[in-house]
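Peer 1: Spelled out from the first residue to the last, the chains are:
Protein chains: 2
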Amino acid sequence: MSVKPAVVLLSGGVDSATAAAIAKQAGFAIHALSFRYGQRHGCEIDAAHRVAAFLSASSHLVIDFDLRAIGGSALTDQIDVPKSRSAGEIAHGIPVTYVPARNTIFLSFGLALAERIGANDIFFGANQLDYSGYPDCREEYIQAFEAMANLATKAGVEGKSRLRIHAPLLYMTKAAIVAKGMELGVDYSLTWSCYDPGADGRACGRCDSCQLRVKGFSDAGVLDPIAYAE
Amino acid sequence: MSVKPAVVLLSGGVDSATAAAIAKQAGFAIHALSFRYGQRHGCEIDAAHRVAAFLSASSHLVIDFDLRAIGGSALTDQIDVPKSRSAGEIAHGIPVTYVPARNTIFLSFGLALAERIGANDIFFGANQLDYSGYPDCREEYIQAFEAMANLATKAGVEGKSRLRIHAPLLYMTKAAIVAKGMELGVDYSLTWSCYDPGADGRACGRCDSCQLRVKGFSDAGVLDPIAYAE
Chain A
1 MSVKPAVVLL SGGVDSATAA AIAKQAGFAI HALSFRYGQR HGCEIDAAHR
51 VAAFLSASSH LVIDFDLRAI GGSALTDQID VPKSRSAGEI AHGIPVTYVP
101 ARNTIFLSFG LALAERIGAN DIFFGANQLD YSGYPDCREE YIQAFEAMAN
151 LATKAGVEGK SRLRIHAPLL YMTKAAIVAK GMELGVDYSL TWSCYDPGAD
201 GRACGRCDSC QLRVKGFSDA GVLDPIAYAE
Chain B
231 MSVKPAVVLL SGGVDSATAA AIAKQAGFAI HALSFRYGQR HGCEIDAAHR
281 VAAFLSASSH LVIDFDLRAI GGSALTDQID VPKSRSAGEI AHGIPVTYVP
331 ARNTIFLSFG LALAERIGAN DIFFGANQLD YSGYPDCREE YIQAFEAMAN
381 LATKAGVEGK SRLRIHAPLL YMTKAAIVAK GMELGVDYSL TWSCYDPGAD
431 GRACGRCDSC QLRVKGFSDA GVLDPIAYAE
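From first to last, the protein sequence lines stand for chains A and B. Mapping of the first sequence onto this note's numbering: position 227 corresponds to residue 227, and the numbering continues sequentially without gaps. Mapping of the second sequence onto this note's numbering: position 217 corresponds to residue 447, and the numbering continues sequentially without gaps.
Incorrect hints may appear among the rest.
[Unchecked claim] Derived coverage of chain A by chain B (criterion: at least 3 residues anywhere in the stretch with Cβ under 8 Å from a Cβ of chain B; other residues may be distant): (1) 113-123; (2) 144-151; (3) 160-171.
Simulated from the structure, these hints should not be mistaken for laboratory data. Cβ coordinates follow ideal geometry from the N, Cα and C atoms, glycine included.
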């Protein structure tokens, strides 16, 4: 039996590394896809390369574009990334780190790659709990994208295939994600989460993303293998 | 009354120039969006700049990314663009010039820009007649994209707005498009259609896109103001 290909959106963080490991365990050949989109640091792409290699991805493609031209987010603009003191203080509502239509753009490139390599499956580490403020991390959004995607491609028109967007982490807590990844043997020392690393290259430990990560490892009772600035 | 902004996908061809003119006539301030995605020539972007200036666009943004990395089309790969002898000979089915998920990627960036500038309207020159082979030029696809888009953004989640994808040319013949543009005063000498221009910078007159254009102007009884190689 030949191994079926799947496109995996790989940011290099805990969630996408775990989603990739789940795809691999499900028997898919992983075709990793990452984006250099004007993030404020390149650590994410380095981490994505490490994770792709660790999981023996069949291919890893990095697409470059500059979302700074569109702007509207603390992740791409010169807006301060919010720093809280505890996970409980993370702001409610849609955070300033939300990037307009980012997941739609990512999934659209994923769709292009899927069509090109003949994959019917796209894996995506979206999470509705930790990122409750992001409109494009919700199940109804993902279902709507899948419906659109099945009308967008040759295969969809010809009725030859049914494209599926997998979001296996959608309702998992960060602790459950870490536990699942540990069970699958993910090496989280290869991953990167921080929105705002220091000059020494260490994670800040204070941005929303660091705090969610720290809390997730703590709740899972697992030692986070990366170094923090404080 | 303040003028409402609309994002207009502007390739620099006859269709998108006409769609932009329709948006302008409908009273929208045009925010043009073009893409440099590894096309085989840059004439399209030059034409898009000319058309945006001609229509007094409020802004014109060009996003760069390289679809050649994904490939799968004669427009981005080193595959020969098909040359027919007459419009009647244009191949049926999905053409090799189809670029996987291209319109989905374009509309996704359009969605990001719309969210950023507070626009509820995106204009798009898709045409179901001339491009019957392209899955992402069909009404059901556009409706599915619109449904997805309304779940993808802050405004969609907050119920504050209803994003609309306008495809005013969807069921128009190329002749009807040219006639409409002439009525609106579009200067088609600024536009570009050819997939495969010669070294002298003139349109080839033989690729599918040139043939559709030539036939459209001919059927409309309008002189095509651009120069052809033959």
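Peer 1: State for each hint whether it applies.
Peer 2: How the hints compare with the structure:
1. For the stretch 113-123 of chain A, the stated coverage by chain B is satisfied: 3 residues place a CB nearer than 8 Å to a CB of that chain, which reaches the threshold of 3.
2. Using a Cβ-Cβ cut-off of 8 Å, 6 residues of the stretch 144-151 of chain A lie near chain B, which meets the minimum of three, so the contact claim holds.
3. Against chain B, the stretch 160-171 of chain A contributes 0 residues with a C-beta closer than 8 Å to a partner C-beta. That does not satisfy the three-residue criterion, and the hint is violated.
This entry does not satisfy hint 3, going by the numbered hints stated previously; all others are met.
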